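Participant: The residues making up each chain are set out below.
There are 2 protein chains.
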Amino acid sequence: MHRASFFVGARRFLERMRIQSGNNKRLNCNLLSQNFPNYFILFTKKEQDICQIKNHVMLQKEQIADRFRILQDTICHGLELADGQGKFLEDNWLRPEGGGGRSRVLEGAVIEKGGVMFSAVHGPLPEQIAKSMHLPPTDFFATGVSIVLHPHSPMAPIIHMNVRYFETGTGRWWFGGGIDLTPHYVVPDDALFFHEQLKSVCDRYHPAFYRDFKHHADDYFFLKHRQETRGVGGIFFDYLDDKCGVSQEKLFEFAVAVGETFAPTYTELLRRAQDRPWGEPEKRWQMLRRGRYVEFNLVWDRGTKFGLETNGRVESILMSMPPTAQWAYNLKPADGSPEAETLNWLRKGVDWV
Amino acid sequence: MHRASFFVGARRFLERMRIQSGNNKRLNCNLLSQNFPNYFILFTKKEQDICQIKNHVMLQKEQIADRFRILQDTICHGLELADGQGKFLEDNWLRPEGGGGRSRVLEGAVIEKGGVMFSAVHGPLPEQIAKSMHLPPTDFFATGVSIVLHPHSPMAPIIHMNVRYFETGTGRWWFGGGIDLTPHYVVPDDALFFHEQLKSVCDRYHPAFYRDFKHHADDYFFLKHRQETRGVGGIFFDYLDDKCGVSQEKLFEFAVAVGETFAPTYTELLRRAQDRPWGEPEKRWQMLRRGRYVEFNLVWDRGTKFGLETNGRVESILMSMPPTAQWAYNLKPADGSPEAETLNWLRKGVDWV
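These protein sequence lines map, in sequence, to chains A and B.
Under the numbering used here, the first residue of the first sequence is numbered 118, with each subsequent residue one higher.
Under the numbering used here, the first residue of the second sequence is numbered 118, with each subsequent residue one higher.
Check before you lean on any hint, since a few could be wrong.
Since the list gives no way to pick out one identical chain from another, each pair is judged satisfied if it fits inside one copy or across any two copies.
[As the list claims (entries may be wrong)] Listed next, the in silico DMTMM-like pairs over lysine to aspartate or glutamate satisfying Cα-Cα at most 25 angstroms (straight line):
#1 Lys341 / Glu214
#2 Lys204 / Asp190
#3 Lys341 / Glu244
#4 Lys341 / Asp418
#5 Lys341 / Asp208
#6 Lys422 / Glu244
#7 Lys465 / Glu432
Hints listed in this document are in silico derivations from the structure and should not be mistaken for laboratory results.
Just so it is clear, the structure is predicted and the values come from calculations on it, not from any experiment.
Please construct the entire structure, taking both the sequences and the accompanying hints into account.
Facilitator: See the structure below:
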């Protein structure tokens with residue numbers, strides 16, 4: 118935006134705020150500081166005080182971003198402990214249009230390739246999203262933590278987690294995210310344990326969350342061209358706002374709680390896998406399953422597709438790629454083999470819990 | 118289509134044909150036999166004779182499919198000679214909606230994974246294509262040969278070729294296809310040789326073909342998210358019909374000529390690469406470049422996307438996948454290294470010839 122029109126915009130906001138009152142005042146105050154952070158000074162001292170008091174009550178996007186940044190720290194610490202050897206390397210980046218991120222990547226003894234990414238970005242809302250949401254041209258703010266871990270052992274699962282908060286200049290906001298598990302070999306007991314952890318987090322916030330979000334995950338993490346799920350599912354939610362009957366504060370708590378359950382849950386899954394023996398055939402199968410993971414991410418994952426098509430930061434978007442993947446023509450595991458059994462589990466609607 | 122309305126449609130076609138004459142008669146006759154093959158019997162004996170004589174003049178889709186099937190044979194034979202050891206395994210398949218294919222896959226001494234696929238399929242035109250072409254619901258027929266070869270040596274290039282013929286029930290037809298080369302390490306002399314071969318084929322049919330199709334290839338084989346071309350390009354053409362001033366018969370010849378230049382050209386490129394030494398670092402680079410090949414095919418290639426979204430035969434569509442691929446986070450080759458030099462060549466608009 119041009120500097121002069123930015124200034125005029127901020128003044129108009131301020132004027133509108135001045136002639137309104139009560140809740141609207143808080144809203145405008147909030148929108149002004151979000152949209153024109155450098156023009157906060159346009160407020161009178163008294164207005165600034167009101168604004169700060171009011172903002173203390175309503176969630177601020179910076180507050181959410183800060184909490185997500187701490188979540189990234191906690192998770193990285195937990196994963197380093199679980200790995201026992203690898204240390205995360207950090208990489209800070211700025212987005213030309215606004216904001217930036219803190220990418221952390223680990224190559225460890227247990228986790229072959231892991232990425233734990235934090236970002237908080239803002240700027241004009243890409244036209245495609247604005248259109249798909251029936252919004253006029255506006256600004257957006259998005260912050261989140263996104264994780265994919267590929268273990269060395271084919272007997273341990275790939276795991277993915279993402280929690281994010283999104284807000285537009287028109288005042289709309291929502292949370293999104295989820296966790297899903299992709300075992301190379303499905304172990305029903307592990308899938309049960311995993312889903313129990315997720316259900317227990319969900320149940321603390323809404324009795325329908327687990328059922329609904331588990332269902333969404335089944336639908337979302339699905340390779341339509343293979344007619345198979347990516348793994349044993351998990352939970353997935355998007356556009357989650359207070360229309361579900363849970364306040365913004367509580368939804369924020371929920372998103373953080375999903376994030377906090379990640380490291381302990383995966384640590385337990387790694388512990389269970391550590392003594393399972395494997396050899397060349399299992400390694401080969403792992404490579405082929407990683408090929409499927411690539412197919413899902415590049416062909417079906419909305420976030421990846423959107424990011425690549427709208428000039429996102431490629432290295433962050435593609436940190437989900439496995440270190441190595443393989444493809445074979447028309448491979449069919451022998452009936453009754455552990456590989457065939459795994460394929461039998463890769464379907465929607467399995468009630469693990 | 119319901120049987121009764123099919124019958125009425127065929128009768129109307131026949132009536133229209135009867136009140137028209139000359140070229141139109143031939144056209145309708147052709148359209149009738151394409152659209153309503155089981156109703157050929159509706160013609161009088163004399164009309165059937167005219168039809169068969171006329172059709173002998175005009176290209177028949179079966180004739181094109183037969184020629185492409187022979188092309189597949191010739192190419193497979195040439196590639197087995199070039200490999201010196203590997204033999205193609207054949208796999209025939211039927212498409213539930215109509216038609217089928219003959220897939221051939223080779224795992225050789227020089228070619229690590231190669232697929233040479235022939236198919237001839239027909240049925241109702243998928244809604245998405247009909248819409249994108251502003252066509253009413255109609256039938257289609259498509260036949261083609263499609264190839265991707267991944268060599269063992271990182272010093273030899275990946276190559277892709279495709280020639281195809283497409284026809285709709287509304288009477289539209291066109292040829293499409295192309296060849297493009299993806300060296301793991303760009304060797305300018307090889308790129309020059311490759312483009313010379315393509316230019317020489319193109320020049321036999323139209324003075325603008327090479328220039329136009331080379332330009333299309335630069336635009337098409339482009340990883341927008343990486344801002345790099347897939348390789349050193351080649352030629353790419355689509356929706357090529359007689360509006361370009363070349364007859365259907367000559368365009369068919371052109372498509373076959375493109376196909377026939379494939380095996381000798383790649384054989385020469387393999388010969389040139391055979392004595393180039395390589396070790397672990399080159400192998401690693403090859404794996405990363407194969408990762409880019411996967412990204413192009415799954416994110417940008419229209420054929421792959423279309424096939425996967427419209428329930429195509431997955432194993433044929435994904436035969437283009439490399440046997441193994443790798444991804445690394447934020448890898449930047451050292452300035453002046455052969456890898457960095459290769460990246461410098463991966464841009465649009467290089468005039469190789």
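Participant: Checking each numbered hint in turn, tell me which of them this model violates, lowest number first.
Facilitator: No hint contradicted; all consistent.
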